[in-house]
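Residues per chain, in single letters:
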Amino acid sequence: MVDHADSELAIEIRGLTKSYDALQALQGVDLEVRRGEVFGFLGPNGAGKTTTIRCMLDLIRPSAGSIRVLGVDPQKDPVKVRAQVGYLPGELNLDDNLTSRGVLRLLDTLRGGGANWKFVEELARRLDLDMGRSIKNLSKGNKQKVGLIQAFMHHPPLLLLDEPTGGLDPLMQREVLRLTAEARDEGATVFFSSHILSEVQAATDRLAVVRRGRIVEIAPTQSFLQRSLRRVRLEFGTACPREVLAAVEGVKVLEESERLHYRLQVEGDLDPLLKAITDYRVKDIATEAASLEEVFLAYYSDEEHAAAQNDHRGPSTTT
Amino acid sequence: MLATLRYTLRRLLLSIVCWSGLLIGFGVLNVVGFDYVVRESIDPLLELVESLPPPLKALVGDPNDFITPEGFLHAKFFLTAPLLLGIGGVLMGSGLIAVDEEKGRLDLIAAYPISRAGLFWGRSTAMLAALTVIVLLVWVGLATSAIATGLDLHVGALALSCLTLWAAVAAFAAAALLFSLVLPSRILAAGAAGSLLLVCVIVENFAPTMPFLDPVAAVLPLHFYQGGKAMTEFAAAPLLVLLLMTVAQLGVAGYLFLRRDIRVIGEGVLEVRRVSLGAAGWIGAYALMVLIVGAVAEPRGVHRTPEEAFAAAQQAVEQKQWDQFVACLTPSARDRWTGLMIVLGELSRPDDSPPPADNAAWLTGFSRSQLQSLLKGASGFHEAMRHVDRAQLEPYRDEINATLAGGGPPSDDTLRRIARAAEDRNALLRDSLAALAKLTQNRIEVSLEDVEVDGAVATGTLSLMGTTQTVGFQRLGGDWKIDLPVPGASSTQPPQGL
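Residue numbers (our numbering), protein chains in the order written: chain A, 1 to 319; chain B, 1 to 498.
Honestly, the hints are just simulated from the structure, not real lab data.
Some hints here could point you the wrong way.
[Stated by the list, open to error] In silico DSS-like links for lysine-lysine, alpha-carbon gap of 25 Å or less:
1) Lys252(A) / Lys283(A)
2) Lys438(B) / Lys320(B)
3) Lys275(A) / Lys252(A)
4) Lys143(A) / Lys118(A)
5) Lys103(B) / Lys136(A)
6) Lys143(A) / Lys103(B)
7) Lys140(A) / Lys103(B)
[Said to hold, decoys possible] Quick list of the computed label-pair ranges, beta carbon to beta carbon:
8) Leu13(B) / Gly167(A): 26 to 34 Å
9) Thr132(B) / Arg61(A): 32 to 40 Å
10) Glu233(B) / Arg133(A): 56 to 64 Å
11) Leu13(B) / Asp185(A): 40 to 48 Å
12) Ser223(A) / Val99(B): 42 to 50 Å
13) Ile187(B) / Arg133(A): 29 to 37 Å
14) Ser139(A) / Arg6(B): 27 to 35 Å
Where a beta carbon is used, it is the ideal one built from N, C-alpha and C, also for glycine.
Can you make the complete structure from the sequences, with help from the hints?
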């Protein structure tokens, strides 16, 4: 029997499938998260992010596939997995009849006690949370802070954060990203699920893009940003037919005006585009690098198109 | 599990306070009400019930069951309490896990290092503990008010009744918990379990007048609820059935909870497979219950046919269990026989001067002096007469003497009026029959034939030592009882040579 406890991988998922009758929520997810990294899990609502996390905690049972969290199979020893995980649910709901402190004490008890309350107070101070107030009187953002504190307060080796900045103002969002970075620096692994690209961009080392229950790409966050995807604005002196531009590989026409003004999305070098328009007088050309968000959206746009042609395309991986 | 138990109990605190308050208030009202309703008007009440037509009488049940403190509490409190507290139990059971699921709280709690089993059994134990606390408080409230008002109730026996109440409510709470794990929402689960509770109450109430409901009533949980009757004739087997049913339902619910997904907000999906599994589990729990009932746990004191009532009476006589024999009789028969025993007691009092006529042949063929001599051998007979308030017999003294002198059996009406002198009719009858039984060691051959049932009444032919006599039966509260005539009644052919 192989001992996975010392594995370099904090999370190892193979062929994870989850079906709800006719609905296939996960369709063979493969994923590896290394110990000590902040891993982004990116996808729109309904892509399967929460389902994947809930399978990792044995809150729901996979239809097929295998999972190891910190070397442990959550279906065989869920308590051991949960003992090492700090979890923030995407839809956080707390007992309205308790105060924030009461909730945290209760959750601490469920973990067997032992939380460092000085650290808890420190977290509350950093997140600007009054722990004496009743949950029912808290705003969504303040409840989210309670959720964040309970996830971080035991210094767990693995943090599963599902949409951690939901409901928080920008200042607090930044504080959460700082907490995440600090946890990583202390050796924890952070699994950061979100549909907000900017925060994934700021917080994660690597990320996976999930779509319709499938991982479509796993790559270092920087490689997404460094992709040579750019926006190009062209202004012609003489009319240039749309077909000329659309025929160039890697070029997508986003906007067109009287065959004189174009906004294009270009993936790869500009050289083929420049060669294709040599017969037309170019009055102006402007380029700009795409943000992760644009990369992501472009990716999804492509994916939608590809999905229509081939719904069984496997994931590509860049390391 | 302990942390879960404590947390759940704390959440149930408000329910504990509300339901125990409601039940205690209701119970205390009934204890106090006994004085006003019954003590002041026992005889008019009995006459009223006696005057009812058989179907209505069957619905009302045995009036002796509510002229005693135990019977009154059973009829007025313990028959309603399962419905009241049952609603509380259903709400508790259906919300125990489903509420947290529907509100999305369980997703976080279940992600903590506690096992599913620990979570389920921690919460289930807390629910049972909450019901225990409620019933315990109700018992304390009833016992305290009974003591304060001088109601002759044994607090230990009262505890047995409360125990059966707890068992019945726990069974419905467990059913609600099971339903909440297979149905898509807490509301549906509470509705299903609440409907079951209501159906049980309705069926149990109407079965006495509608015999076709008997088979249905026999397999419903409330059939095994003893309530106030446990104070006088507690039986362990029906209680065991309810307990087993609770355990079985919790077992199935726990099994389902361990295997199913934790739902989050908006995932209220009706899964046919899960519903089928739950239904199979519930039916299985019921089948187990019915099997046990069929084998060992037939509730005591319930006779579904006149023949069953007769056989039970016969068995009680053979085993000299006179309490059970008395319980097999209709209230009229009990009064009739109590009156007869009092007459016998008066007849055989050693300190009394002989009545004018030495004529007691109507009864046994013995002369009065022979009877007097014979009853001296029935040790305990005269002690049984301690239950008679002789001062109350004075208005009937002439009737008693006239009866003795008249050579015929007293009429039912006379005997019933004479019976009113007994402070505790059942006890007098039990003790005097026990004493008379000592007169003979011979087995008395009795048989019942030609039983004809007509709605809530029946007749049959009783053969006893060469004589035949028509005997009546009445169906009271779902239970057939024997309307046994006294010896020497007009239909009896007197034995020769006795």
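Structure-inconsistent hints, enumerated in ascending order: none
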